[in-house]
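With the sequences and hints as input, model every part of the structure.
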Amino acid sequence: MTLEARGIVVDVDGSTRILHGIDVVVPGTGLTALVGPNGSGKSTLLRQLSGVERPTHGTVLLDGADLHALGRRERARRIAVVEQEAASELALTCLEVAMLGRMPHQGLLGATSREDRVVATEALRRAGADAWAERSFASLSGGERQRVRLAAALAQQPRILVLDEPTNHLDVRASLETIALLRTLADDGVTVVAALHDLTLAGWADHVALLADGRLAASGPVAEVLTAERIASVYDVRAHVGPDPLTGRLAVTVALP
Amino acid sequence: MMAARRRRIAIGAIALAVATPLLATLAVVLGAADLSFGDVWATIGAHLGIGQPVLTPIEDGIVWQRRVPRVLTAIAVGAGLAVCGAVMQSVTRNPLADPYLLGLSSGASLGAVCALLLGVAIPLPIAAFGGAALALALTVGLATGIGQVTPTRTVLAGLAVSSMLGAITSLIIFWTVTGDSYREILGWLLGTLAAARWEAVALTWIGLVAIVVPIVLVARRLDAFAFGDRHAASLGIHPGRTRLLLLAATALLTGILVSVSGAIGFVGLIVPHAVRLLTGPGHRALLPLSALAGGIVLLVADTIARTAFEPRELPVGIVTALVGAPAFAAILLRRRVET
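Chain order of the listed sequences is S and E. Numbering follows numbering that gives the first Met the number 0, in which position 90 of the first sequence is assigned residue number 89; successive positions increment by one, without gaps. Numbering follows numbering that gives the first Met the number 0, in which position 328 of the second sequence is assigned residue number 327; successive positions increment by one, without gaps.
Calculated directly from the structure, the hints in this document are not laboratory data. Note that CB positions come from ideal geometry on N, CA and C, so glycine has one too. There could be a bad hint or two in this list.
Claimed, not checked - Quick partial rundown of chain S residues pointing at chain E, CB under 10 Å, derived from the structure:
id, residue
1, 76
2, 82
3, 136
Stated by the list, open to error - Which chain E residues stay away from chain S? Per the calculated CB distances, all over 10 Å, these:
id, residue
4, 65
5, 154
6, 204
Said to hold, decoys possible - Covered by chain E, per the in silico footprint, the following chain S stretches (three or more residues, Cβ under 8 Å):
id, stretch
7, 63–74
8, 216–230
Shown next as structure tokens:
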């Protein structure tokens with residue numbers, strides 16, 4: 000499913016403008032990375048794309064139709080979200096957290112079926128979190144929580160997966176495993192859009208949208224967007240882009256000017 | 000862990016459901032007048048048209064006109080307060096929330112005091128609900144005025160509203176009440192079930208069934224608030240609307256309960272915490288078990304209030320505060336250790 004933002008403007012507290020009219024398309028196939036410096040508006044744009052928030056101006060289209068014309072539950076069956084930070088006061092087990100993802104598929108009374116349990120368990124396994132299924136979510140490390148919340152989103156069986164910094168708190172191996180999982184999901188036909196800080200991880204994506212100061216600086220295929228000149232100007236660094244000697248993927252190295 | 004927890008929940012639910020009628024009968028038996036379990040049930044049976052009366056008319060009056068309605072009212076009020084507390088803790092994501100923290104009880108008391116003392120010609124429960132709804136509107140309005148409504152802002156706004164309405168209530172009482180009625184109004188303000196008759200039973204049980212049953216049926220949707228509003232929204236729930244609807248329902252129930260019992264504290268705060276130790280955080284088990292446990296807690300507290308210093312009677316709110324305040328402190332200490 001294709002997501003398209005048209006003229007998205009977001010103001011907060013009535014005055015501060017976070018996004019200044021963004022037009023961007025998240026293609027229906029593949030993995031789209033959203034990159035940009037801190038404070039460039041990545042998280043805010045993701046919230047508009049996922050429909051969790053409404054923009055001040057502009058519209059978000061899902062396969063060409065207004066996203067907000069869909070019912071909330073209908074939307075939640077198509078789009079799942081992994082937020083950047085999420086704490087819970089509640090002492091839920093990891094399986095219970097994953098089961099939350101089944102909610103849009105359940106009736107009003109929220110009766111859980113055997114299928115819900117199977118899907119949630121499988122989602123935990125896929126996210127590499129099945130070992131902690133019975134453990135309390137609150138007792139996990141930041142990286143472990145990240146995986147469990149990814150599992151909850153997978154349990155939602157979405158057509159579109161929206162993730163804000165999914166590799167936060169993860170060590171190098173876990174980061175790679177996560178991005179490889181997103182790659183697999185994208186190859187399986189799920190539309191994946193993720194905000195990423197690590198530009199080399201963004202090299203795993205098919206498409207990249209680069210934000211700077213609440214405006215779209217560039218978007219398109221990875222090799223076209225992530226050029227040394229553009230990275231240098233947006234991040235104010237010296238940049239080198241070239242194939243990684245180990246993997247052959249696009250790799251970005253940077254230095255202070 | 001989940002299988003073990005489910006078994007624990009089932010055992011807990013059965014134990015509470017069995018304990019309630021036993022303790023209720025015991026509560027009717029206890030007190031001046033020499034009664035037995037058999038007397039109580041025979042009397043209830045006789046009034047329901049089964050069997051013959053076994054007690055003298057005076058004893059019969061004590062059982063049927065005083066103690067049975069009082070016990071039934073205590074169960075309904077305790078159950079309602081516990082569910083109100085559990086729901087508020089959930090939708091405000093504040094483990095210390097209850098009808099008091101958001102100002103609803105203060106509002107309900109003010110409404111009731113207006114009806115009682117200023118001769119405002121509306122029925123007490125409606126006045127109390129009006130007060131609770133006013134308090135809710137003020138709290139939400141103030142929270143909205145600060146900016147986007149967040150749980151923390153809602154609670155802070157509730158604190159401001161609660162202080163203000165409490166002060167107005169005190170002012171009205173100080174200004175208008177003299178002599179004997181001072182003691183009476185003070186007793187009601189502290190929370191008492193001494194005046195509960197069959198009208199109170201009807202009012203509280205209708206409120207309980209009409210408001211708590213639907214909330215319990217959709218309890219699982221409250222789980223969606225576990226990770227905050229945005230996550231709830233991504234699961235297909237309208238967080239603002241859901242929160243407002245649930246808070247309005249708790250305001251209505253709080254108004255009904257306060258109009259009957261006065262402001263009884265700590266039940267709504269403590270009972271859900273205790274029940275969570277057994278059920279875990281899932282609302283599908285938490286809400287019905289909180290209702291059962293809350294009913295028992297207030298039933299026991301009221302029986303203590305009624306019989307401990309016979310013939311003098313304590314306002315039950317004093318008993319719940321004496322037990323609840325240390326339990327509240329224990330929650331705070333526990334949380335400090337955990338987080």
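Hints versus structure:
1. Here the hint on residue 76 of chain S is kept, as its CB sits about 7 Å from the closest CB of chain E, short of 10 Å.
2. Interface hint at residue 82 of chain S: satisfied, since its Cβ lies 6 Å from the closest Cβ of chain E, which is below the 10 Å cut-off.
3. Checking residue 136 of chain S against chain E: minimum C-beta separation of about 9 Å stays under 10 Å; hint holds.
4. At roughly 40 Å, the least C-beta separation between residue 65 of chain E and chain S is larger than 10 Å, which holds for a residue marked as non-interface.
5. Against the 10 Å criterion, residue 154 of chain E stays outside the reach of chain S, whose nearest CB is about 13 Å from its own CB.
6. Every Cβ of chain S is farther than 10 Å from the Cβ of residue 204 of chain E; the closest lies at roughly 23 Å, confirming the non-interface assignment.
7. Coverage of the stretch 63–74 of chain S by chain E holds. Counting CB-CB distances below 8 Å, 5 residues qualify, and the rule asks for three or more.
8. Coverage of a stretch by a chain is defined here by at least three residues with a beta carbon nearer than 8 Å to that chain's beta carbons; for the stretch 216–230 of chain S and chain E the count is 0, and the condition is violated.
Consistency with the previously given hints fails for number 8 only.
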